[in-house]
Amino acid sequence: MEIREKGYRHWEGKLRAARHDWLPISRNGIRAVFKKKYAKLIFSLCASSFFVFLAAVYASTKPELKILSELVRLLKSDAELFKTFYSNGFLTFMLIILSVFSGAELISADLKFKAFPLYFSRPLSRGDYLAGKFAIMLFYLLAFTLAPGVLLLLFKMLFTGSLAVSPVLLLAVLAFPLVECLCLASLTLALSILSPNTKFIQITIFLVYVFSNTLAQMLKAIFKSDYAFLVSLQGNISQLASFLFGVRPAHAFPAWLSLLLPLAITALSLWFLAWRVKKAEARA
Amino acid sequence: MEAIIRLENLFFRYGDVEAIRDVSLTLPAGIFGLLGPNGAGKTTLMKLLLGFLQPASGRGEIMGQELGAKKKSLRRSIGYMPESDCLIPGLDAVSLTAYLGELSGMPRQEAMKRAHDVLYYVGLEESRYRQVETYSTGMKQRLKLAQALVHDPNLLLLDEPTSGMDPAGRKEMLELIRDIAKKESMNIILSSHLLPDIESTCRQVVIMNRGRIAAEESIAGLKKDRRNVFEIRVVGDGGGFFAALAAAGWQAEEKDQGLFQVKPPEGTEPAALFRAAREHSAQIRHFRQSRTSLEDAFMDVIRGSDGN
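Chains as they are written, first to last, in this note's numbering: chain U, 1 to 284; chain F, 1 to 308.
No lab work stands behind these hints, which were simulated from the structure alone.
It cannot be assumed that every hint is accurate.
[Unchecked claim] Simulated DEER-style distance windows between Cβ atoms: (1) U:V210 to F:R21: 51 to 61 Å; (2) F:T137 to U:R16: 43 to 53 Å; (3) U:L194 to F:S185: 37 to 47 Å; (4) F:T134 to U:N197: 12 to 22 Å; (5) U:H20 to F:E216: 16 to 26 Å; (6) U:A264 to F:A3: 47 to 57 Å; (7) F:N38 to U:H20: 32 to 42 Å; (8) F:G30 to U:R16: 21 to 31 Å; (9) F:G30 to U:A264: 46 to 56 Å; (10) F:T26 to U:W275: 28 to 38 Å; (11) U:A264 to F:R203: 53 to 63 Å; (12) F:E216 to U:W275: 29 to 39 Å; (13) F:R108 to U:L174: 55 to 65 Å; (14) U:V210 to F:P196: 55 to 65 Å.
Even glycine gets a Cβ: it sits at the ideal position worked out from N, Cα and C.
Input sequences plus hints: build the corresponding full structure.
Below is the structure:
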């Protein structure tokens with residue numbers, strides 16, 4: 001028989017105890033998302049707001065383009081510029097689309113194809129598994145928030161020819177996308193572990209976004225209170241950006257609440273994920 | 001010989017159901033069959049060995065490492081072929097195998113090279129670039145074996161490895177297992193409810209029933225207990241003859257139409273059978289030592305443990 005002729009051969013190498021056991025999961029996941037159909041279209045749309053704001057930054061720094069000053073009136077202060085970049089409705093919408101596209105099936109597909117025994121029979125802890133999945137989401141979300149935010153700041157310096165930047169602004173430019181992306185990533189993964197049906201998860205993520213905004217509008221109409229926007233994803237993003245960049249908030253409720261809320265959602269989602277993955281490992 | 005697995009008074013329960021009950025087991029190096037009817041606790045035992053489940057009480061050691069303690073280090077030396085039809089979607093076989101090798105701690109390029117080798121070994125060389133979702137059941141079984149072998153473990157846990165395979169595929173899978181078992185540093189626990197699979201690959205078996213170890217010995221030893229069992233066909237006054245046999249302590253069971261399997265009580269010679277036939281005007285038209293199969297031995301063990 002052919003099998004006997006070949007015979008089993010040992011591997012001569014040595015297994016290493018890696019410090020970042022989750023890294024192969026992230027690398028594989030990032031590659032898988034990039035290879036997906038429509039990936040480039042979605043990435044281009046996500047990046048489009050960066051190019052619009054880049055043009056605005058350029059226009060605001062060039063006196064010869066004064067004619068466009070009306071257009072960039074809102075962008076005269078750096079804080080206003082970055083607040084508007086991070087919290088504009090189009091970018092938020094595209095981040096939701098990106099979450100649906102890249103995150104919905106991250107755990108859901110593992111449930112569907114019963115992949116947990118394959119993962120957990122390896123030297124991987126539940127934390128490693130979750131960290132690997134989390135890193136995939138964070139990679140894509142930060143690639144279209146933090147990375148362009150930092151680039152905008154660098155271009156601003158380049159166009160003005162000055163390296164002076166307010167530490168508060170720098171902190172806000174770094175902190176806002178981190179809080180926003182942590183919340184979105186953990187919420188997406190928490191929803192992804194709910195069902196092996198990826199379509200259902202995709203619809204749920206999208207509905208969370210649409211209904212949170214609609215519900216806020218309805219509650220505002222009923223109770224005539226801006227606190228209604230606490231249930232809105234877009235409302236909270238806008239309020240959080242105002243809080244971190246120190247600009248006038250759009251809604252009349254304490255803006256720090258919009259910092260507390262995403263942190264609470266992140267913590268709750270992580271707890272839920274840890275609990276569900278523990279169950280999944282036992283059922284593996 | 002140093003024990004590969006040593007379990008002491010292991011208990012595990014799913015809610016109110018005791019899935020593993022007071023399991024104590026010492027397995028030396030080699031290949032072992034884990035036999036048992038469905039629901040006997042075989043898969044649960046494997047999950048306990050892998051650390052997927054924590055025992056309610058008891059302790060154990062696998063290759064000198066405490067059960068459930070250093071899970072990561074333990075899993076580096078274990079290869080697991082699960083029973084369920086599992087895969088990681090969106091990958092071809094070679095990427096999947098390499099990916100799982102990497103997760104086991106293999107350097108990336110080495111994992112890829114080894115993935116090609118093991119896929120070739122299990123007979124998937126032609127289809128290694130095909131998406132795993134398109135694989136047939138038999139191919140998935142081979143792929144599951146490949147991923148369990150990719151990091152060259154010292155202990156291979158195979159859970160129903162031939163499940164869903166056609167006869168030719170099953171034969172090849174068993175040949176692969178026999179071939180792997182030839183390697184000195186490779187230890188295998190093969191769980192199955194298919195007795196011929198165990199019989200053709202293992203010399204030693206552990207039989208589980210209702211969460212307990214019902215027997216732990218060599219297949220030859222299990223069969224040996226059944227040498228004093230005979231098959232007979234009787235014409236004439238069968239009723240009186242069998243009543244007399246029962247009174248004398250013989251066990252008789254009809255296997256087929258008119259074909260009985262009889263077992264004498266301890267210390268009784270088979271000649272007593274013919275004397276009883278003569279006394280009851282019955283004729284024994286067929287007499288031979290019962291063909292002993294693992295299935296018979298297995299059924300005896302299961303019946304015995306059910307009675308306890």
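Results of checking the hints against the structure:
1. U:V210 to F:R21: 51 to 61 Å: holds (53 Å)
2. F:T137 to U:R16: 43 to 53 Å: Violated: the Cβ-Cβ distance is about 34 Å, outside 43 to 53 Å.
3. U:L194 to F:S185: 37 to 47 Å: For L194 (chain U) and S185 (chain F) the Cβ distance comes to about 43 Å; the hint holds.
4. F:T134 to U:N197: 12 to 22 Å: holds (21 Å)
5. U:H20 to F:E216: 16 to 26 Å: violated (42 Å)
6. U:A264 to F:A3: 47 to 57 Å: holds (51 Å)
7. F:N38 to U:H20: 32 to 42 Å: holds (41 Å)
8. F:G30 to U:R16: 21 to 31 Å: At roughly 29 Å between Cβ atoms, R16 (chain U) and G30 (chain F) fall inside 21 to 31 Å, so the hint holds.
9. F:G30 to U:A264: 46 to 56 Å: For G30 (chain F) and A264 (chain U) the Cβ distance comes to about 55 Å; the hint holds.
10. F:T26 to U:W275: 28 to 38 Å: holds (36 Å)
11. U:A264 to F:R203: 53 to 63 Å: Given a distance of about 60 Å, which is inside 53 to 63 Å, the answer is holds.
12. F:E216 to U:W275: 29 to 39 Å: The hinted range 29 to 39 Å holds for E216 (chain F) and W275 (chain U), with Cβ atoms some 38 Å apart.
13. F:R108 to U:L174: 55 to 65 Å: Between R108 (chain F) and L174 (chain U), where Cβ atoms are some 31 Å apart, the hint is violated.
14. U:V210 to F:P196: 55 to 65 Å: holds (58 Å)
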